[in-house]
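There are 2 protein chains.
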Amino acid sequence: ESYGWHVQTVDDVAHGLDDLRKAVTNAQAVTDKPSIIKIRTAIGYGSPSKEGLKSAHGSPLGEDDLAGAKTNYGLDPTKSFFVDTDVQDYFGQVRSKSETKHQEWQELFKKYTAAHPDKAAELNRRFRMELPEGIFDKLPTYKAGVDKDLATRKHSEQCINALAPELPELMGGSADLTPSNLTALKCSGDYQKDTPLGRYLRFGVREHGMTAVCNGIFAYGGYRPFCATFLTFVGYCVGAIRISALSQFGVLFIMTHDSIGLGEDGPTHQPIETLESLRSMPNIHVFRPADGNETAAAYQSALQNPATPTVVCCSRSTVPSLEASTRDKALRGAYTCIECDGTPQVILIATGSEVGPCVEAAKVLSPSIAVRVVSMPCQEVFLEQSVDYQKSVLPGDIPTLSVEASSPHGWHRFSHAQIAMNTFGRSGKGSDVFDFFGFGVDNIVKQAKHMLEFYKDTPVPNLSSFLTLVPPNDPTKH
Amino acid sequence: ESYGWHVQTVDDVAHGLDDLRKAVTNAQAVTDKPSIIKIRTAIGYGSPSKEGLKSAHGSPLGEDDLAGAKTNYGLDPTKSFFVDTDVQDYFGQVRSKSETKHQEWQELFKKYTAAHPDKAAELNRRFRMELPEGIFDKLPTYKAGVDKDLATRKHSEQCINALAPELPELMGGSADLTPSNLTALKCSGDYQKDTPLGRYLRFGVREHGMTAVCNGIFAYGGYRPFCATFLTFVGYCVGAIRISALSQFGVLFIMTHDSIGLGEDGPTHQPIETLESLRSMPNIHVFRPADGNETAAAYQSALQNPATPTVVCCSRSTVPSLEASTRDKALRGAYTCIECDGTPQVILIATGSEVGPCVEAAKVLSPSIAVRVVSMPCQEVFLEQSVDYQKSVLPGDIPTLSVEASSPHGWHRFSHAQIAMNTFGRSGKGSDVFDFFGFGVDNIVKQAKHMLEFYKDTPVPNLSSFLTLVPPNDPTKH
Chain F
1 ESYGWHVQTV
11 DDVAHGLDDL
21 RKAVTNAQAV
31 TDKPSIIKIR
41 TAIGYGSPSK
51 EGLKSAHGSP
61 LGEDDLAGAK
71 TNYGLDPTKS
81 FFVDTDVQDY
91 FGQVRSKSET
101 KHQEWQELFK
111 KYTAAHPDKA
121 AELNRRFRME
131 LPEGIFDKLP
141 TYKAGVDKDL
151 ATRKHSEQCI
161 NALAPELPEL
171 MGGSADLTPS
181 NLTALKCSGD
191 YQKDTPLGRY
201 LRFGVREHGM
211 TAVCNGIFAY
221 GGYRPFCATF
231 LTFVGYCVGA
241 IRISALSQFG
251 VLFIMTHDSI
261 GLGEDGPTHQ
271 PIETLESLRS
281 MPNIHVFRPA
291 DGNETAAAYQ
301 SALQNPATPT
311 VVCCSRSTVP
321 SLEASTRDKA
331 LRGAYTCIEC
341 DGTPQVILIA
351 TGSEVGPCVE
361 AAKVLSPSIA
371 VRVVSMPCQE
381 VFLEQSVDYQ
391 KSVLPGDIPT
401 LSVEASSPHG
411 WHRFSHAQIA
421 MNTFGRSGKG
431 SDVFDFFGFG
441 VDNIVKQAKH
451 MLEFYKDTPV
461 PNLSSFLTLV
471 PPNDPTKH
Chain W
1 ESYGWHVQTV
11 DDVAHGLDDL
21 RKAVTNAQAV
31 TDKPSIIKIR
41 TAIGYGSPSK
51 EGLKSAHGSP
61 LGEDDLAGAK
71 TNYGLDPTKS
81 FFVDTDVQDY
91 FGQVRSKSET
101 KHQEWQELFK
111 KYTAAHPDKA
121 AELNRRFRME
131 LPEGIFDKLP
141 TYKAGVDKDL
151 ATRKHSEQCI
161 NALAPELPEL
171 MGGSADLTPS
181 NLTALKCSGD
191 YQKDTPLGRY
201 LRFGVREHGM
211 TAVCNGIFAY
221 GGYRPFCATF
231 LTFVGYCVGA
241 IRISALSQFG
251 VLFIMTHDSI
261 GLGEDGPTHQ
271 PIETLESLRS
281 MPNIHVFRPA
291 DGNETAAAYQ
301 SALQNPATPT
311 VVCCSRSTVP
321 SLEASTRDKA
331 LRGAYTCIEC
341 DGTPQVILIA
351 TGSEVGPCVE
361 AAKVLSPSIA
371 VRVVSMPCQE
381 VFLEQSVDYQ
391 KSVLPGDIPT
401 LSVEASSPHG
411 WHRFSHAQIA
421 MNTFGRSGKG
431 SDVFDFFGFG
441 VDNIVKQAKH
451 MLEFYKDTPV
461 PNLSSFLTLV
471 PPNDPTKH
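Protein chains in written order, with the UniProt record's numbering: chain F, 1 to 478; chain W, 1 to 478.
Pulled out of the complex, with its shape left as it was, chain F reads as follows:
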């Protein structure tokens, strides 16, 4: 009531539904606020020994109690899975009524389609989760040395605003971090009581509710919801993100301030375990783009996968555009962004804001050391590529150093050594914090040399020789 809801209480639904029907009629009459009806019930109602007890919740009633409950309901206690003819008749009527209503709706929509073929086609397109033709041509393309270097959160802002005018189903907002997440839609105002056509939602500091709302919008159909917060605040909504993944809701998550590089806000705001937490969840794509083209790829991938939620992790700080990046390459999950002559002696893999320093490190190391740099914006998408492609990027038997300002967990699959975060971060200027924890060019160069030295005497374990097992059953086919 203090939230402004219309609240009613119904004390009894066990001895007839008249009170409940009346409450529903009352609720329908209140059109200026949401209604809630509180119904008092007894758990395990009718069970002779468990009514009102918690044991009626967690475990089966048992034979005697079941028989007793049936008797109390006026049913034959000896019959199981029995549906009386009057119940069958009643639901038969419900079915035929519903069929008629469905038929009426189909007729109406046929008439609507005849009268408004464009609108009907658009409605069908949106409910089928199809995209407008050529939509990805709207995404920006960036050229190193030509376009200004930006933070990937700014690339994200450009991508979402390139898509939004052409994609009316894109609707969402931020958890009170719009000026930081840069998710405002220039083509649309706020969704408010007086502006119901607005597509931008002001969720408030309420990550769980925000994600749950997006799940609800997706479940309704016809919309591609997005939402945004700082990456570390995934900790306040991961239960609801899990529901997106489990329910195959292609919600788009724009998570900025994606590492210790965010600087002054310090360890409470600096994600460490978050990337790996999300990557270890089934049916989710976690993108951490290194520049504008990779950010555009993340958006394209998100839209192309309506049954899989996508998390786009963006930097607060400016990143250099990569010479070699293209949207198509990034759509393979990982690709070679600096190649050397001949077989590389060392491979550096990085994601997001750590790709730039690896490119610089490669310049320092070469030509005396042959270095390949791999940008890996999305592990999950990379692992969906052919084994041949995967091996062409990461042969597995060449000393490989991964560089990601995040937990080392999960990287032993791809790299022999990790520059990573083994502790929480610290407060300071972003670039100072990066340097402190070893993500500066100097330390990358030093560790690459150290690794090369180490594997002079030690055989390199071939990471292409992990054995991937096929599960005995395919859960999608049972």
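None of these hints come from the bench; they were simulated from the model. Computed from a predicted structure; not experimentally measured. Any given hint could be a false lead.
Unchecked claim - Covered stretches of chain F, as calculated for chain W (at least 3 residues, CB under 8 Å):
id	region
1	43 to 54
2	267 to 275
3	280 to 288
4	407 to 415
5	427 to 438
6	459 to 471
Backbone N, C-alpha and C define an ideal beta-carbon position, used for all residues, glycine too.
Fit chain W to the given chain F structure using the hints.
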């Protein structure tokens, strides 16, 4: 107000604090409910161009605005980091008053110590996070073939109830899942208004609040708080668990129903990514015990590490007691629980409820194949052991199959192939769901043979040859 708080609003604190002082006095007079004072303020108060604007929150004021604000406060705008003498005097008085109060308290406690030496010693012990001597002797010890096989949640119930009578600082509860988590304290009733000595807290379905409350209890000092829910519901409190880890609060988390083995509740309740999510967080110990002795080890480790939160992940279903398990072995994080004659041809590593089936699989495979089985209740603790010990358990160059009913993420560090969960789970009888996803003895045997076959032609990558890098700076020393 609808929650029963005493609520006051103060409209102005910028032009004097009399209203606020009055509100504080009012609040102190209300002793039967909590008080909250809502103070209306303007963000960036006094700043000529940013007062009331969001830009006063996220970025510095800038020189002109700073000077303007100082002028508006009656300060000299040309002075920086300047504290006026009257402010210095005032805080000097605060300091000397506080020193006197501290001195008085010390005197009082000295008198108390003289009058009640036992109580004072106990208070000191608890605030120093020291444990009563011999406390771990109270923990149960289990013998395979003698003690009845139980679910590890039942072992956990026995452990917590063995400790609680001797450990008055142990205080906590469950998020409305007491009969499932089995965390009720037999030696203590509920903490309620009329029973403030009760040590058991009924948190309600409120995982985030529960964890935050435990953080608060730990921060106050003198208590070792614990809390409990289903493991998958970590998704609703991981933001607060992160605060435990970051703040070095040794909260004890008892998380039951720790895999698909929980059965009928289905995928919404079956954790997949949760173990790896927690393992990739800094400063946390994640135990997944395989039997009673390992569960006791988890409790001992939790109490011995007051600056590190511990998560004890327990099974819903019964597990067999391991012949070889002891609390001391489990306290090393991983140990050989089945050894073969000579050098093993295959190593099976498992955790929790998957260790039992691996032991059975080893019986089927041997003697024709030499199999070692390793139980790994805690990865973090294992990685703290000497390299020699780690290699004695997991040499790295012997084909190693990990078996954990959880995401494969994180296991490539320890194993060449994984029987793991690559999708969400499903609803069914626990043992059927285990079998369906390949955690039955037959599939473990089959995959172990398959792995052996695979590595006949393929050199085994030596997982002891990963290179661990030393970060350039130690964050604890700066």
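- Hint numbers contradicted by this structure: 1
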